[in-house]
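Since chain A is already given, all that's left is putting chain B on it; use the hints.
Protein sequences appear in the order of chains A and B.
Residue numbers for the first sequence follow full-length UniProt numbering, beginning at 1 and rising by one.
Residue numbers for the second sequence follow full-length UniProt numbering, beginning at 1 and rising by one.
Among the hints, a few may not be true.
Identical copies look the same in the list; a pair holds intra-copy or inter-copy alike.
As the list claims (entries may be wrong) - Lysine-lysine pairs mimicking DSSO-like chemistry, simulated, CA-CA at most 27 Å apart:
| id | residue 1 | residue 2 |
| --- | --- | --- |
| 1 | K22 | K86 |
| 2 | K26 | K150 |
| 3 | K106 | K65 |
| 4 | K21 | K150 |
| 5 | K26 | K79 |
| 6 | K106 | K177 |
| 7 | K227 | K17 |
| 8 | K26 | K227 |
Simulated from the structure, these hints should not be mistaken for lab results.
One-letter residues, chain by chain:
Protein chains: 2
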Amino acid sequence: MKHIESESNASLKQWKKLHTKKEREKSGTFLIEGPHLIEEAIASGAKLQHVIVEENFEINETWLKEKFSLWSVPAKLMKQLSETEKPQGIIAVCEMMDQSEEIIKKEGRYLLIDGVQDPGNLGTIIRTADSAGLDGVFLGEGTADLYNGKTVRSTQGSLFHLPIVKANLLEIIERCKAHDLPVLSTSLQNSVDMRETPEVNGFALIMGNEGAGVQEILQQESTLNVKIPIFGSAESLNVSVATGILLYELQRNRT
Amino acid sequence: MKHIESESNASLKQWKKLHTKKEREKSGTFLIEGPHLIEEAIASGAKLQHVIVEENFEINETWLKEKFSLWSVPAKLMKQLSETEKPQGIIAVCEMMDQSEEIIKKEGRYLLIDGVQDPGNLGTIIRTADSAGLDGVFLGEGTADLYNGKTVRSTQGSLFHLPIVKANLLEIIERCKAHDLPVLSTSLQNSVDMRETPEVNGFALIMGNEGAGVQEILQQESTLNVKIPIFGSAESLNVSVATGILLYELQRNRT
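So that you can see chain A by itself, here it is in the shape it has in the complex:
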């Protein structure tokens, strides 16, 4: 284990730059914080380049079989590297997963995200897609960065569990249709109550931006527009809550 004491250490300075999207994309790496996320990353075969622990942090010995460089830093430097108020004593530099778009198959279940902007919402949606057993998530243009620290934390590790691919959603819709998948768009206008949707085996569900919803052009290419009934006085549901309700409703007969 190598030790870093100075905040002008070149490696430390490089890792701190991973707080920005620009540097994450340039390097193809991102930070993950806390033992739980690191455990999930290792279990799923994600590649860790560096693991940085606070002095006295007790590292899980089984992790030492992995091929990463191990560093220790004083609490003061851990605080600088961390993006949370209460650092958990361990942070890793993780390589971005190489995801192919070639995951669409007959009777597959996919979520298409059209411009969800809040990283916390995006992370929670990915966690929900994982719980609902989907086969993949596609992130359209204007969607929050998957590797933003807040997004990563909100996934609770689910970003390591299923393919998540940046994509042109119009192309994805076409490919889903070519595989006979119904493409469902969420919309309050000209839409059917989700409970009246036909039973489907596979599907592609499009969820839209927090304020603007799904883009008109994507709605037009959809097979069906669906909505969640509002029984009370709220104008709408939070987008991650809506995603959960719809994904479970569409799979009401899944065993």
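Relative to the frame of chain A, chain B by itself:
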């Protein structure tokens, strides 16, 4: 309209103290930010004591019929008073609603929140309870503060739409049972798949803390433990997402 220029102004100093729970409880007031929340407060008959606008903010003239004091402040002071990164130019001091616990009735629909700690989650849950047309929400001990700025913003105004009452949940469970309402607790152990729950007219649903779930003692007093099936690899769902899925599942036949 009165104008405040100095940050040592006594009223301004008092309003800033409302960022703390202690001062909110002492005064029985809380802050709401932005035109949308103020509109919802007025529409629902909540009492505003003061409305503070940034210089040049164009106030909705119909609001001026309300009996509040109107103040203007420079952008610098609005920034101090605001709890958001991008203040929306208007903040109000609102009186807490006086909620009676006497809202339980036959065939009513209630949500009991047992120790949800994150204010964003609590606010989103209240917005979801409103969307799902519930008759009331009870906040048990250890639950985040309803009047925390983050909670209030996350409700998107729903806190003005339905009764929300701090309560002893054991007592509430007893009263629900006395009204023949089934009391459903969420639990991963000894629980039935939510899709196999009997059809119910009214119900009380208990949702628990983000980490620990519903307290054992409340589970024991419940009529039935239910769970959401996990089809993928996530360990659990976010509590607001889970609330949405369950509330809509329990009302699958509501018209």
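My question is about K26 and K227: at a cut-off of 27 Å on alpha-carbon distance, are they close within one copy, between copies, both, or neither?
neither (40 Å within a copy, 43 Å between copies)
Intra- versus inter-copy proximity for K79 and K26 (alpha-carbon distance at most 27 Å):
Intra 24 Å, inter 35 Å, cutoff 27 Å: intra-copy only.
Using 27 Å as the alpha carbon limit, work out where K21 and K150 are close: within a copy, between copies, both or neither.
For K21 and K150, the Cα distance is within 27 Å both inside one copy (12 Å) and across copies (26 Å).
Within, between, both or neither, where K106 and K177 count as close if Cα-Cα is 27 Å or less
within (10 Å within a copy, 48 Å between copies)
Classify it for me, K26 with K150: is the Cα-Cα distance of at most 27 Å met within a copy, between copies, both or neither?
within (19 Å within a copy, 34 Å between copies)
Intra/inter-copy verdict for K106 and K65 if alpha-carbon distance must be at most 27 Å:
Neither. Shortest intra-copy (39 Å) and inter-copy (60 Å) distances fail the 27 Å Cα cut-off.
With identical chains treated as interchangeable, where does the CA-CA distance between K227 and K17 reach 27 Å or less: within a copy, between copies, both, or neither?
neither (42 Å within a copy, 42 Å between copies)
Taking 27 Å as the upper bound on the Cα-Cα distance, should K22 and K86 be classified as within, between, both, or neither?
Both, since 25 Å and 23 Å are each at most 27 Å.
Going through the hint list in order, the structure does not satisfy hints 3, 7, 8.
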